[in-house]
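All chains, full assembly: derive it from the sequences and hints.
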Amino acid sequence: MSDSSRATGLAALVVRRPLAIVLVALLLGVLGYFGTRRLGIDQELRALLPDDAPSVVRLDAVSERLGNQSDLYVTVRGPDRAANLALGAAIAETLEQRDDIRYVLFRRDPQFFRDNLLLYADLQDLLDLRQRVIDAIQARVRRELSMFPEDREAAGESDDLDLDEKALRERYGLDREPSEYFERDEGRLVVVRARPTRANTDISFARGLSRNLRAAIDGLEPKKFHPDIEVTIDGSYAEHTAQASSLERDIISGTAVAFGLLLLVVAIYFRGLRAVPLVLVPLLIAVVTTLAIGWAVYRELNLVSAFIFAVTLGLGIDFGTHILSRYRDERRRGLDQLPAVATTIATTGVSTAGGALSTAFAFLFLVLAEFRGFSQFGVIGSLGIMIAFVAALVVLPALALVLERIRPWRVPPPPAREAPGAAIVSRKFPYLALGTVLVCLLAGLYGAASAPKIGFEYNLGKLGPPDRTSPEEQKRANEYRDAVGRTQSTDPTIVLTDGLAHTEAVNRQLQAILDLEPEEIAEITGLEPYPDTPRKPKPEPKPAPKPKAADEEEDEEDREPDDPEFVRLAELARQRGKVDPAVREQLKQYPPERLREMDDLLSSVLSIYTFVPELQQEKLQVIRDIKQRIDNKRGSFADAELEKLKSWERYLQVERPVGPDDLPPWVKVQFTDMHGELGRFVACWQRGPKSEYAHAKRIHDAFDTIDTPLGPAPAVGSHFVVPEVVDAIRGDGPLVMCAVFGVLVATALVMFRSITAAAIVLATVAVALCWLAGVFVWMGWTLNLFNLVALPLLVGMGQDDSLHIIHRYREEGAGRLAHTMRETGGAVVLTTVTTVIGFSSMLFVDHIGLRSLGWTAVVGMTFCLLASLTLVPACLRLGEWWRARRGE
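So the sequence shown is numbered by the numbering used here: it starts at -9 and just counts up by one.
Calculated directly from the structure, the hints in this document are not laboratory data. Keep in mind that the hints are not guaranteed to be accurate.
[Said to hold, decoys possible] Keeping only pairs whose Cα atoms sit at most 27 Å apart, straight-line, the calculated DSSO-like set for lysine-lysine is:
no., residue 1, residue 2
1, Lys687, Lys578
2, Lys623, Lys634
3, Lys687, Lys452
4, Lys568, Lys617
5, Lys687, Lys443
6, Lys617, Lys636
[As the list claims (entries may be wrong)] Ranges of calculated distance between the beta carbons of each label pair, as one might list FRET restraints:
no., residue 1, residue 2, range
7, Gln618, Pro647, 16 to 22 Å
8, Arg122, Arg178, 39 to 45 Å
9, Asp836, Ile745, 43 to 49 Å
10, Leu517, Pro647, 35 to 41 Å
11, Ser53, Thr746, 55 to 61 Å
12, Leu422, Leu254, 32 to 38 Å
This structure is a prediction, so every number in the text was calculated from the model and none was measured. In this text, a Cβ means the ideal position worked out from N, Cα and C, and glycines have one as well.
Here it is in structure tokens:
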């Protein structure tokens, strides 16, 4: 069957059943609208990587085991601490009753840590305490045995234990128990910390949670607690909701502006309002149908594909414009509906199909990329292009026929035009054409030479919405972060372990890295540590013991040797120091450079074993000895001394070690996973900007796997995605561009069967991209993961412009170049303008990355049009002169 008969058959179907076609299309549009409404936007970087990417696999494992790892913070501010705590308690109780909250932290009862205070002391401090008790008791014995009153009086000054609770805590640094509340400024700010069941990137959940929580807080009537009290919802849930709302507003407003401009352009071009619904209704049906399919396949768009709606509008309108323009022209010539539709489908429909296929393939080749920013954009874009083409080819003529039944279309007569000139080729050398080619190529060479200067934006944090936080808002944010712990208010790196023993091994290694002094790092690695690595402040020196009496110093030599077991414990405490020697040996197994990186980056570690003291059996042995010695001499203490002992000897009542299961509920709930198992992970935090590629790469390489004697423990954080995203772009970009240029050349060769024509098409697109490179350098722009998407699209669209011009010129023949440029050049201008309008919806958004995509596309398409209108006709004119000179 010939193309003409196929076109006639399709035209006959459209003419016979126009109303049915329109109704089916409208039904698809309605269904597509409801699907589009459910389509969300995933703002996480992980959505830009395939499901089998290493960081995504590990993040999924973390989510499966631990669930959501983001917290919500409710901040209470007011001048009265008691009122703030009362309201905080009421809010905490409200949150605990919600099914969408896993747990709530408000009051952290410190009694457990007070009861086991001495277990959290250093072994050396306990041995020192024991020695002080021994010395005091021995001094008391000497006083009691002395025969002279003046000796007993002098000795009484040296046998005071001086161990009331305050002195004990101060001397041995035992004030390290967690604060009872998350508060600062003496309770003028109090925070309730809650762990929701779902992640902060689930925007619909975050919005509903914030809305319901705000209503619940208002129901508590905060002003009843204090007239000046204020409650805010802070943290990543509020931040993500605000960012999503801003992005959605940008999408809606940008699309509305683009849609309005498209309406205006169509109305002006066709000089009437009837053309507006004829072009845009099929296009809108195609777009919402495409997005509904996108919802069915992906459920959510990623950050790069979020603006596909506006882009598809700009690209898809080309087809309707060409089809309606040709149909109008055929009706002007007096053809009836069936012949006019058939002619339109057989001629313009075929050439438009070629343009649609070339553009769709440009989109489709993005699917080759593992980077989902490319691949998802390519799938939805290519699908949208083809659906828009079908809608323009079938739905638009059917809608035109239906409207003509209601109100006949009085097509205005064509404007008066001069008859096209004769097909005469001038033999005069085309200096203007040669000059045009030279200027275009020289400008292209300049751009190509400048291209190596184009940078790449590796800091992904600079590609989101600009930080418009006011100083006052930043101050308030810092306040609540200080209350909950600034480090732990950000996303951690999670190390997954196989059980409690594995967790303990990982925790001990990471904590050892924090505790090592610079000289110890240098000794282990053989490398000088980074000089600017922040270090823990060294503890203040402990209060010096009272000077000993002269006779006491003399008696020290007569002191009985200590129990060998306690001599062994003293030697253990001396050798162990802050870091277990066995753990030091484990750290030596890491490559020196890597260990130095870990030392430089690590800032904090948290696991269930953060709350479990080490060397508990040894400490209990010391504690029991102290208790026994005091009990043996209790009868010799005066009432004042016994009263002083009561303030701290309760700490000597601890009799057994504590393990993870013994910890208070508010501790254990933070380390219980979704399967009810305790402690199978370690959280750690690193310094520096995690959205910056080089720094995120350092963290990724340094902490990717923690090696322990019990086996490796994989680590992952949301920032691990950053280096993988950038590496994927750098790997996929050249592949996609080579594939797209290969299709460009192949398409030109198939269409024209001419190497010269293919070379002109290739040169046109290449020159336009080189001009774009020059603008990038001149404007100081950089490439990034968003605007890179525009480059393969520019190849497809730039090819489309030059193909139309060359195809029409070959159809018209030599000597008709001016006529070709008047007819086809005008259509190329119109289609480029509509496409530019589609992308221009991104120029005014807050999101910096999407704005860069808009500017790259708008400037690039403008250059593609300019190259097609200058370089292509200049090359064709030079070809005419060359063939005429040779007498062809």
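Structure-based check of each hint:
Among the hinted pairs, Lys687 with Lys578 is consistent with the structure: their alpha-carbon atoms are about 22 Å apart, no more than 27 Å. With a CA separation close to 15 Å, the supplied pair Lys623 and Lys634 stays within the 27 Å bound. At most 27 Å may separate the alpha-carbon atoms for a hinted pair to count; Lys687 and Lys452 meet this at roughly 17 Å. The straight-line distance between the Cα atoms of Lys568 and Lys617 is roughly 26 Å, inside the 27 Å bound, and the hint therefore holds.
Restraint check: the Cα-Cα separation between Lys687 and Lys443 comes to about 23 Å, which is no more than 27 Å; the hinted pair holds. Restraint check: the Cα-Cα separation between Lys617 and Lys636 comes to about 12 Å, which is no more than 27 Å; the hinted pair holds. Our hint of 16 to 22 Å for Gln618 and Pro647 holds, since their Cβ atoms are close to 18 Å apart. Range check, Arg122 to Arg178: about 41 Å between beta-carbon atoms, so the 39 to 45 Å window is met.
A hinted range of 43 to 49 Å for the beta carbons of Asp836 and Ile745 is consistent with their spacing of about 48 Å. The hinted range of 35 to 41 Å is satisfied by Leu517 and Pro647, whose Cβ atoms lie roughly 38 Å apart. Here the CB-CB span from Ser53 to Thr746 is close to 57 Å, well matched to the stated 55 to 61 Å. At roughly 35 Å, the beta carbons of Leu422 and Leu254 sit within the given window of 32 to 38 Å.
Comparing the model with each earlier hint shows no violations; every hint is respected.
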